[in-house]
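Just so you know, the protein sequences line up as chains P and L, in that order. Heads up: the first sequence begins at 1 in our numbering, then just goes up one per residue. Heads up: the second sequence begins at 1 in our numbering, then just goes up one per residue.
Where hints are given, some of them may not hold.
Derived EDC-like pairs (lysine to aspartate or glutamate); straight-line CA-CA distance at most 20 Å [what the hints assert, rightly or not]: (1) Lys43/L to Asp54/P; (2) Lys264/P to Asp357/P; (3) Lys264/P to Asp21/L; (4) Lys29/P to Glu254/P; (5) Lys264/P to Glu254/P; (6) Lys264/P to Glu367/P.
I should point out that these hints are in silico values taken from the structure, not numbers from a laboratory.
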Amino acid sequence: MPYGNINVDTVTTSTTGGILGAGDASTMKNRIINGAMVISQRNGTSTVTPANADVTLDRWGSNMYPNASKYTVAQSTTAPVGFNNSLLVTSSSAYSVGATDIYTQFQWIEGYNTADLGWGTVNAKTVTLSFWVRSSLTGTFGGVIFNADGTRNYPYTYTISSANTFEQKTITIAGDTTGTWLTTNGRGIGVVFGLGVGTTYSGTAGAWSGTPYYSATGATSVVGTSGATFYITGVQLEVGSSATGFEYRQYQQELALCQRYYYKMYNGSQYIRIGFGPANATTDALITVFMQTPMRATPTSVTQTGSLGLWAGATVYATTATAIIPNSSSPFTAVVDATVASGLTVGATYQLIGNSDATASIAFSAEL
Amino acid sequence: MYKLLTVKGMFGDEQHIIRNDGNGSYTSFPAQEDNPNYQAYLKWVAEGNTPEPAENT
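Construct the entire structure; sequences and hints are all you get.
Shown next, in the form of structure tokens:
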């Protein structure tokens with residue numbers, strides 16, 4: 001017996017305030033990766049001063065333009081109920097932003113993960129951005145949603161009413177029916193939280209614009225107050241016109257999602273095993289590293305921390321450099337040229353290992 | 001901050017750049033125009049900076 005169709009935006013549970021997911025999503029409800037700020041492959045819990053465009057906590061990038069060292073970032077354990085971590089921004093000085101200054105935290109969502117939103121078409125879906133935020137400052141804050149080339153921009157505002165208190169904010173955005181929104185492995189949608197943006201790049205909140213913006217007009221500048229703090233966590237972008245409960249993920253699931261963009265091999269042992277490969281010169285060996293998670297694209301860089309070495313059962317030859325070989329690499333395997341001073345036997349197979357260094361690691365980036 | 005690096009890839013010498021990230025970390029990337037790290041390096045050079053020479057050629 002047919003029962004017909006029911007069109008609903010949300011379904012509320014018997015638990016007060018409990019809402020099931022909207023739209024069609026039972027998984028992939030939250031398009032943000034690492035919205036709970038759990039994964040921090042690059043820096044752990046260390047406080048860092050990012051350069052412009054640097055990623056700190058996984059998937060979270062930094063605009064630090066044009067002047068360096070205006071704020072620091074750390075993975076914090078100060079968090080609202082239901083969360084264990086947040087991303088903490090601390091202002092390093094009392095800096096007055098210039099007209100074209102841009103200080104933000106942002107995440108690029110891959111086009112494959114926003115393709116179903118239909119943005120740039122008449123079928124564009126409404127989305128809702130929700131997050132928990134806490135600051136030592138109060139007032140109106142801002143941010144923006146934009147496309148890859150900055151030709152479609154939706155500034156938004158929210159208000160922090162009480163200092164040093166986590167508050168949940170919700171922004172509902174009618175999907176953009178125009179513009180170009182990438183739907184492959186490039187930059188799909190950018191989600192930006194302003195920390196101090198000049199007037200040139202601040203626009204009227206609540207409307208789509210063709211002018212490139214990084215925040216909303218009149219927003220509070222976090223970098224304008226020395227020592228000001230800004231915590232954010234529980235970031236979720238979902239289909240629908242209201243915020244639903246945060247999509248918690250298993251740790252391994254979240255880590256794998258992050259590893260598509262940044263893959264770090266580290267286990268805290270002195271002799272971490274990284275990969276194998278032949279020497280093609282007395283100073284070079286081409287080491288193949290197998291990714292446990294396919295990356296978004298062939299990695300564009302490799303980062304070595306600590307001491308690594310090439311080993312074939314006897315001598316460990318200390319590496320002086322490591323470099324990724326793009327034309328031999330792929331999203332599935334990276335070929336790393338490990339360089340040593342001398343002594344390798346051409347044609348012999350070597351293993352790239354930690355060189356008696358518990359801090360040793362190697363990491364590959366395919367960030368958006 | 002930046003240093004040149006020549007490595008022996010599968011098909012001959014390849015030019016790479018090494019960036020000192022601090023805290024004992026070094027990031028290397030190929031000298032390819034579509035590489036975002038290389039683009040940042042070129043901007044750094046255009047600002048009048050000079051990388052350290054390669055040690056192994």
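Going down the list of hints, with the structure as the test:
no. : hint                 : in the structure
1   : Lys43/L to Asp54/P   : holds, 16 Å
2   : Lys264/P to Asp357/P : holds, 16 Å
3   : Lys264/P to Asp21/L  : holds, 15 Å
4   : Lys29/P to Glu254/P  : holds, 13 Å
5   : Lys264/P to Glu254/P : holds, 14 Å
6   : Lys264/P to Glu367/P : holds, 13 Å
The structure fails none of the hints (numbered hints given earlier).
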